[in-house]
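Chemist: Per the working numbering, the sequence shown starts with residue 190, numbered consecutively.
If you are wondering where the hints come from, they were derived from the structure by calculation, not from laboratory data. One thing to keep in mind: the hints can contain errors.
[Claimed, not checked] Calculated cross-link-like contacts (lysine to aspartate or glutamate; reagent style EDC-like; alpha-carbon spacing at most 16 angstroms):
1. 221 - 264
2. 213 - 232
3. 250 - 234
4. 252 - 269
5. 213 - 201
6. 246 - 269
7. 252 - 236
8. 246 - 264
9. 225 - 201
10. 210 - 200
11. 213 - 269
12. 210 - 220
13. 250 - 236
14. 213 - 236
15. 198 - 269
16. 250 - 264
17. 245 - 264
18. 246 - 236
Only a predicted model underlies this, so the values are computations on that prediction, with no experimental measurement involved.
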Amino acid sequence: MGLKKLAEKVEDYNARLESGKASKIRPSHVEKVLRKLRVKARDLEAEIATVSSADKKARLKGKLAIAQTHISRAEWLLRELA
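Generate the whole structure from the sequences, applying the supplied hints.
Modeler: This is the structure in structure tokens:
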């Protein structure tokens with residue numbers, strides 16, 4: 190997700206927050222999700238190391254890339270909330 194789209198999502202969240210349609214995101218919520226994402230990424234890396242099929246390895250690498258993207262977004266959000 191590009192920076193522009195991420196900024197639009199933050200603006201949308203702020204508007205929903207002001208109108209009472211969304212609850213405030215707490216750092217503890219983000220940390221909980223971040224822990225889960227890091228465990229998932231570690232599990233995917235371990236599975237990639239043991240898989241012999243090239244197709245399955247490619248699919249797992251795609252999942253790992255998505256998990257890493259989500260981790261970087263969660264870290265950014267955590268910095269913004271601090």
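Chemist: Could you run down the list of hints and mark each one as holding or not?
Modeler: Structure-based check of each hint:
1. 221 - 264: holds, 12 angstroms
2. 213 - 232: violated, 31 angstroms
3. 250 - 234: Judged against 16 angstroms, a Cα distance of about 8 angstroms means the pair holds.
4. 252 - 269: Judged against 16 angstroms, a Cα distance of about 26 angstroms means the pair is violated.
5. 213 - 201: Judged against 16 angstroms, a Cα distance of about 13 angstroms means the pair holds.
6. 246 - 269: violated, 35 angstroms
7. 252 - 236: Given pair residue 252, residue 236 holds - Cα atoms ~11 angstroms apart, limit 16 angstroms.
8. 246 - 264: violated, 27 angstroms
9. 225 - 201: violated, 25 angstroms
10. 210 - 200: Roughly 14 angstroms separates the two Cα atoms, so the pair holds.
11. 213 - 269: The given pair, whose Cα atoms are some 13 angstroms apart, holds under the 16 angstroms limit.
12. 210 - 220: This hinted pair is violated, its Cα atoms lying about 23 angstroms apart.
13. 250 - 236: holds, 10 angstroms
14. 213 - 236: violated, 36 angstroms
15. 198 - 269: holds, 14 angstroms
16. 250 - 264: violated, 21 angstroms
17. 245 - 264: Cα-Cα ~28 angstroms, so violated.
18. 246 - 236: holds, 8 angstroms
Of the numbered hints given earlier, the model fails hints 2, 4, 6, 8, 9, 12, 14, 16 and 17; all others are met.
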